[in-house]
Each structure stands twice: as C-alpha cells, then as structure tokens.
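Please model the entire structure based on the sequences and the hints provided.
There are 2 protein chains.
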Amino acid sequence: MTAAASRDDSALANGLAARLAIRSGAYDGPTSGLARGYVQGNLAILPKALAGDFLRFCQLNPKPCPLIGMSAPGDWRVPELGADLDIRTDICRYRVWRDGALVGEPTDLNEVWRDDLVSFVLGCSFSFEEALMADGLEIRHITLDCTVPMFRTNIATAAAGPFHGPMVVSMRPMKPADAIRAIQITTRFPAVHGAPVHIGKPELIGIQDLGKPDYGDAVPVRDDEIPVFWACGVTPQSVIATMRPEFSITHYPGCMLVTDRRNTEFAVL
Amino acid sequence: MTAAASRDDSALANGLAARLAIRSGAYDGPTSGLARGYVQGNLAILPKALAGDFLRFCQLNPKPCPLIGMSAPGDWRVPELGADLDIRTDICRYRVWRDGALVGEPTDLNEVWRDDLVSFVLGCSFSFEEALMADGLEIRHITLDCTVPMFRTNIATAAAGPFHGPMVVSMRPMKPADAIRAIQITTRFPAVHGAPVHIGKPELIGIQDLGKPDYGDAVPVRDDEIPVFWACGVTPQSVIATMRPEFSITHYPGCMLVTDRRNTEFAVL
Chain A
3 MTAAASRDDS
13 ALANGLAARL
23 AIRSGAYDGP
33 TSGLARGYVQ
43 GNLAILPKAL
53 AGDFLRFCQL
63 NPKPCPLIGM
73 SAPGDWRVPE
83 LGADLDIRTD
93 ICRYRVWRDG
103 ALVGEPTDLN
113 EVWRDDLVSF
123 VLGCSFSFEE
133 ALMADGLEIR
143 HITLDCTVPM
153 FRTNIATAAA
163 GPFHGPMVVS
173 MRPMKPADAI
183 RAIQITTRFP
193 AVHGAPVHIG
203 KPELIGIQDL
213 GKPDYGDAVP
223 VRDDEIPVFW
233 ACGVTPQSVI
243 ATMRPEFSIT
253 HYPGCMLVTD
263 RRNTEFAVL
Chain B
3 MTAAASRDDS
13 ALANGLAARL
23 AIRSGAYDGP
33 TSGLARGYVQ
43 GNLAILPKAL
53 AGDFLRFCQL
63 NPKPCPLIGM
73 SAPGDWRVPE
83 LGADLDIRTD
93 ICRYRVWRDG
103 ALVGEPTDLN
113 EVWRDDLVSF
123 VLGCSFSFEE
133 ALMADGLEIR
143 HITLDCTVPM
153 FRTNIATAAA
163 GPFHGPMVVS
173 MRPMKPADAI
183 RAIQITTRFP
193 AVHGAPVHIG
203 KPELIGIQDL
213 GKPDYGDAVP
223 VRDDEIPVFW
233 ACGVTPQSVI
243 ATMRPEFSIT
253 HYPGCMLVTD
263 RRNTEFAVL
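Heads up: the protein sequence lines correspond to chains A and B, in order. Residues in the first sequence are numbered from 3 upward in steps of one, following our numbering. Residues in the second sequence are numbered from 3 upward in steps of one, following our numbering.
Hints may contain errors.
If several chains are the same, the list does not tell them apart, and a pair holds so long as it fits within one copy or across any two.
[To be verified] Calculated cross-link-like contacts (lysine-lysine; reagent style DSS-like; alpha-carbon spacing at most 30 Å): (1) 50 - 65; (2) 214 - 50; (3) 65 - 214.
Source of the hints: derived by calculation from the structure; they are not laboratory data.
Below, the structure written as structure tokens:
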C-alpha cells in the first residue's frame, strides 16, 4: 500500500476527516494511530439470512463481539457511528469471502454490494489501548511496532444458530501491578472488549506456547511479567470463517473503520 | 474466651447492638461474621507525640493503612464511626504494648487510659470479603475456617518520621477469571484496602513460600488458581512493633471494632 496522506497528517485528526481521506484514496494504510481519540471498529458484513443469528451471537458473546453499530439490510449507512459514513467506501481495503474462500481484497465494495447485506461494526482494542497508554502503561506490541499476539483458546463462545467456536484472545504482557491497573481501566470500556478474560497461566485456557500465536506476532514476556488476555475481535471473523457462509465481507487486517464516536464516550464511568 | 451471646444472635445484628454486647461483656469472641453489613476496623492507639507522624504514615500509605476514623487526643470517642462509640470498652480484648513488649491483654482500657492517647481506626478486609462473597466468589480461608495467610513483602512503605518498614499483604487464591472479578469489586472499596497490590508470581514481592505465611494460616493454592495479594492492616501493627514506641495499644487479633457505618457506604461507585 502507498499513502498520499500520512498517519500524522492533521487532516486525518478526526474520524470524519480520516474517512474522507480513505474514501477518496488519499489515505490507504493501516488505521492504527489515525484520528487519535476516535473509536475504530472491526467490520463483518453478512447476508440478511444470517444476520439474525449473528446478531444473537454478538449479544450472547459481548466480550469478543462488542457490537457498536449495525446497518439495516441493504443499507450502507451506520448513522450511529458517523452521519456521513458509507460502509462501501470508508475502509481502505476489504476482504470478500465466498463459501469460506477469500475471493478478493478490493478497496471499495461498489462492485460486490448486494441489497441483502447487513453490516456489523464491533469495538476494537485500539480504544482501550489508548486508555492504557494515557495512564502510562506500556503496550509491548506497540513498543515493538508489531501486531498484538492472538491465540485460539479452549473457551467456547455461546453458540447462536450456525455461529459457534472458540474464543480468540489477544495477549499483552505486564508487570503484576500494571496488570491490576489495566483491569481497572479496561473495565470502564465494556463496548471495546472490557476487562480481561484471563490472567496468568496460559495453559488454563488451552494456550500451549505464548511464543507461537495463532494470529499476529509473538512478543517477549519477561520474568517479572504475567500475560494478560483480552477477548479479541478476531473471534467473530474466526467463527464466520468456520461456518463458511455463502457470502461475507470483513475489513482487511489493520484497516479498521474509523468512526465519529470518541473513545471517552464509551467509558461507562 | 466464652460468649454469652453467639455470633448469630439477632441482638448482634447491627454495629451498635454488637458494641453494646461487647461493652457489657455479653459477647467476647471474634467479630468475624458479627453485625453483617457493618464496617469493622483495626485499632491502633498511640501517644499524641507520635500521632502526627503516624497520621502522615497512613496518608502516605492508604492501601495498607486506610484510615476510617481518628480521635482527638485523650478522647475515647470516634463519632464518625458511631455516636455511642467508646474506644475504651467497645472491643472485646486489647493488646497493650510498652517499649515494644506486650504487657497485657485487657478486655477494656479503663486502667491504662491516658489523656494523651490518640485512636486510629483503619479499614479491614472483612468489608471487601463480604462484597466478594456477595458476588459468589469463594474466599479460601473462610471456606477452611482459618485465618487469612499474611506475608511480609519486599514492598517498602513510604516512611513518615519513625514509622517505616515493609508492607504486609494478605493472600487469597482464586481462579484467574475470579481474580479479575475480585479486582473489579475491591477497586470500589479504597477505604478498606481497595484493589490488590499484586497478583501471580509471589517471588516478585519477596515471598519465597506461600505455604509459610508470616501471620495467619497457610491455605492451598490449586493448580488452576493464582495467588491474589491485598495490602493488609497488619502492616501498621508491624511498623509500630518495629519502632517500639514507649506505649501503644492495638486490638487483639480477630477482635475488631464494629462500627455503625455500612460497608456499602464505603463503595466509591
């Protein structure tokens, strides 16, 4: 990817500006660090025939699938996340799936849009990471400029219709006192995964080797640190991939939907 | 000790009733489980000459020394904790110390009271344990009907005048998800030690063997559990013992001051 606009560009400093730059093609890179303070979301688009079950899946599994926005069938707008938002054009790059196979990675959905598609936007860890860093905590994968390590666990999600499968978690190593602080901070943000689901002993949730994540990059866990595990927005993508719907669309990894909502709006306290 | 009244006696169901039974001698046992819902406190009484430094010590170290009440010099009342409260008579049994040596364990302070004594009442873990159990969490030492295991750590308290020394912590083993929930719950109660100070790896805070507590009883930590450590009200007693004041008084272990304040009043949320 190339980007005519850079992530530090003041023209990308809010959600709308970032979306307009993405829509026009002026920006087409990863969205981490873009429009600081604004909520970014994971995208899942499914045909209406599957949308009811998927909505129920999200409601049954709010930690991995915190639903922050949803469209009407066939409607490309998600007004609760941005008055001007067009889900077909406002993400840098998408992934299009047919019967479980990746069939394209377009930069807009104009060619593949259907009148029965329902868009789901799920909260993302960028929001709580911003809150953790604002408190002075180190986020290891950000320090190392790599992708957060993610693991499939033996924690089952609650099934809804054809949607079922294991929870995926992201891991951030922290000193114990920082881990306690991180639990306090992320508890305030249930709409963006909320508090961790596990802490310490990875084997208790079926993770054999912290050095071999299922997604993302391994990061070192020092002797004076413990691993802290949050429910991860890759869970619904993993669940959708497993059930191989006839058609679905997700965002390209790292290219999230930037919204007009502020992270602080999602704090419950 | 013998008790004419039992802990389940409805006559002991609130703070005032419990204190009156203790004052009259009708009840003289441990106060755990007494007057459920009401705050109990640790007691430290020091001469006025030391009280200023000790107050500063409490303010510098709010997690081990959460001050919930304090008397004027020579005054046996602590009205913020109970209109009728008389610190000389309202605890079942006291410990009197001279130059660091235990010189008596009277059931009232009428014989030893001095006009320069200042009473400090510090929050106690009974309050947050009540909140944890109300949420369905198991407290191991309560299940086993023994005393919570406590450990001296390598975490230094902030010194004030002659008061200094290591923090003492209490330990409760929990499954990781329960530990996360316990952090959330106890965060609401900063006046009774608040959130844990450490979690997992005991060696990081200077604890070599969880099976050998410095105070209280060892409890098993199962393979699917991690130890969770809270700052402990024994810290100020340990610090006072170390500096060997010419005169001091504490409560007899397990015999706390029962107050008129409700645990729920101390929740910050």
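*Which numbered hints turn out to be false for this structure?*
2
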